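Student: All chains, full assembly: derive it from the sequences and hints.
Just so you know, the protein sequences line up as chains S and P, in that order.
Residues in the first sequence are numbered from 1 upward in steps of one, following the numbering used here.
Residues in the second sequence are numbered from 1001 upward in steps of one, following the numbering used here.
Accuracy of the hints is not assured; some may be wrong.
Coverage of chain S stretches by chain P, computed from C-beta distances (three or more under 8 Å per stretch; other residues unrestricted) [to be verified]:
hint: 1; region: 197–208
hint: 2; region: 260–272
Pairs of lysine to aspartate or glutamate, EDC-like flavour, derived with a Cα cap of 16 Å [what the hints assert, rightly or not]:
hint: 3; chain 1: P; residue 1: 1038; chain 2: S; residue 2: 266
hint: 4; chain 1: S; residue 1: 80; chain 2: P; residue 2: 1250
hint: 5; chain 1: P; residue 1: 1038; chain 2: S; residue 2: 74
hint: 6; chain 1: P; residue 1: 1038; chain 2: S; residue 2: 179
It should be emphasised that the hints constitute simulated quantities derived from the structure, not laboratory data.
Nothing here was measured: the structure is a model prediction, and the numbers come from that model.
Glycine is no exception: its CB is placed at the ideal position from the N, C-alpha and C atoms.
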Amino acid sequence: MTPDPSRHARPATRQAYLGIVVALSLSILAGLGLAVVYATGGQAQLEGVLLAVSLLGIGVGLVIWAQRMLPDDEAEEARKPLGSEPEDVAAFTTELERGEEAIGSRRLIVGLITGGLGALGLALVFPIRSLGPRPGRGLFTTGMAPGRRLVTAEKEPVRPEDIPIAGVLTVWPEGHEDEADSSTLLIRVEDESLFTEPAKLEWTVGPVVAYSKLCTHTGCPVGLYEAEEHLLLCPCHQSTFEVLAGARPVFGPATRALPQLPLGVDDEGFLVATGEFEGPVGAGFWDRSR
Amino acid sequence: MSDGEEAEERRPSRVARTGSFVDDRLGLARIARTTLRKVFPDHWSFLLGEVALYSFVVLLLTGTYLTFFFKPSQAETTYEGSYEALRGVEMTRAYRSAVELSFDVRAGLVMRQMHHWAALVFVAAMVVHLARVFFTGAFRRPRELNWIVGVTLLLLGIGNGFTGYSLLDDQLSGTGLRIAYSIVLSIPVIGTWITSLLFGGEFPGPDIIERFFVLHILVVPAMIIGLLVLHLSMVVHQKHTQFRGPGRREDNVVGERIWPTYAVKASGLFFLTTGVLAALGGLAQINPIWIYGPFEPSEVSAASQPDWYIGWLEGALRAMPAWEVRAFGFELPNPFFAGVLLPGLTFGLLYAWPFLEARFTKDRDEHHLLDRPRDRPMRTALGVATLAFYAVLFLAGGSDVLATEFGLSVNKLIWSIRVSLFVVPVAAGLVAHRLCRDLAARDAEPPDDPSERPPPGDAPVPVAIVDQEPEPDGQEPIAWPPPVAVSRTGLPPARPLGR
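Tutor: This is the structure in structure tokens:
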């Protein structure tokens, strides 16, 4: 072994040495402390701090050691060309081609292997199909049906007068309270004469109108209602819908109105759906209009 | 044990004996020696990739601990743990186990928060590392392949971050999943099929958490590990690039040998990175899911923000005008543009950049000496403009928070962001271009006082990440102490962290 004469450890300065000793000692103490804290019940902040000190102590010690005491001589290394020598490339190509000829001359076998692998590949695509159901009409339907009562999260049916004036209430079709796509906003405005096109007036019950709660942009629940301006706001991307005018979008990235729900009242005076929403709820998709 | 002194002397050391045992069987001594003597150029900016690597190690360690306690299940259950406010609340087992491992598993909260912080730092370090590679031209021939591997790692890192915080099934993650669902749904022709296969049905989907769990803890990490090995092997094989300087040429590498100084320094950096993550994990609360509550599909809270590396997508969704394409009874919904097209273009351009630049500059030569950003005003200006574009998008992602914080109307804010998306990048690019030209012109003048130059061989080894620009004179890239007035805008801005 011939040590490089230029590579030698540098003499330690007092400061550097002291720094390393302090850092590593702190690390040892913190490590022990961490064990004690853990054993005696644990405490998140303390655990974090002690773990940090124990790690940082080692880190600082190592860095000072490397920066101040270990050899810092510059070394040089030659950079050899990355590409292969032309002879090697030629030899490789020849060998590859020789093998290719041997293989390629058996056309039928190669063809059959290709066919076999292709068929296998095709067969392997099918298990993907097991991952989920066919999309079908699921995206076009919700839990709404003619005569189905609208109930609150507590499964209470709602009368129009239960909704405070200028208030909103989130409801679901009875028996479908867990369905994400069925959540509906009931909004009671001050007076039914305020509604204008394109809101479907025949679908309202007095001053109460119902829209899908899912934003037509990315399907977030449209959770904020500014009663004075009659605006529904989506907190995700700030799409804004005009309640009085069929919940058409007036600001933000949403392009479509919130689908309106045809409302009615049953014999006992509770609000019911009289049919499906006027269109698919939530975010748009390729064949939504089909 | 009672050998004489002579025998004691002749006896080889323990290291030598172990080494000899291995070498007799595998013959590794030669390659091991080459490795020890390998030269690695020294510059603080070369450590950014290492920080990413070390954060990933922390992710693996803390993540393994978390899998022992987390239950990826959407089955309904009732919480009965020690956190009062949630007791008796209906929730999925996923959310319940996440709350339990935060409060009822000793050291669980620190591990979970370290894991989350490490993910943020992992992606941040990759982005800054990518910016370094971009602005110094380190992606040029022969390193295009490694650039591609690196961009893929960034993509996987972002993806695994998203699948990770989507697992907990709290209100915030559910909202994120809902948006992701709608974005996938917007893909033409096959969108409805992909969402159905991915989520196992319509949103919220019965299987999504189990599936994301497998992706998050197995599939994507395995891919990251494989590509990391490839990434580093290519660096070793091709040898690291270096800045210009005395004695540094295209056909050599000047720097420190791996053994012992560089190895000790790198280990030190590993412990420093881990230590900082531990401090953050213990002291800086992150993703307090017990405050968000379990996911209820019909609810959403204002100021729902994703992790920082998704911020640009969130911002794009918000800033996008209400456009969509409808033709022949089919439609291209609005989220397609911001959620599919924009990331597609972003990563497409990133992948293609080394080849695009070679086409523009007609420079297809091998390069091992790095550019300083000022030497390539056009590239630097483009890079700064691009970063400015994504910085504006990032701000747009917090538009509601900004509006509340500064008392602005959201409408006006969104409109100014839409305008800024065009104006700011152009302005930033022009300023960067001008700065590069000025700095390059200043370099062309002879130094005022040659005695200011430190003697050769006294190269400081900066590890602290100071705002250090390459210095005048073109010949001394690292041999100058960082001057005071270097903080200019020309440098790539580090993206702000966290929510």
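Student: Looking back at the hints listed earlier, which ones does the structure fail to meet?
Tutor: Per hint list: 1, 2, 3 and 6 violated.
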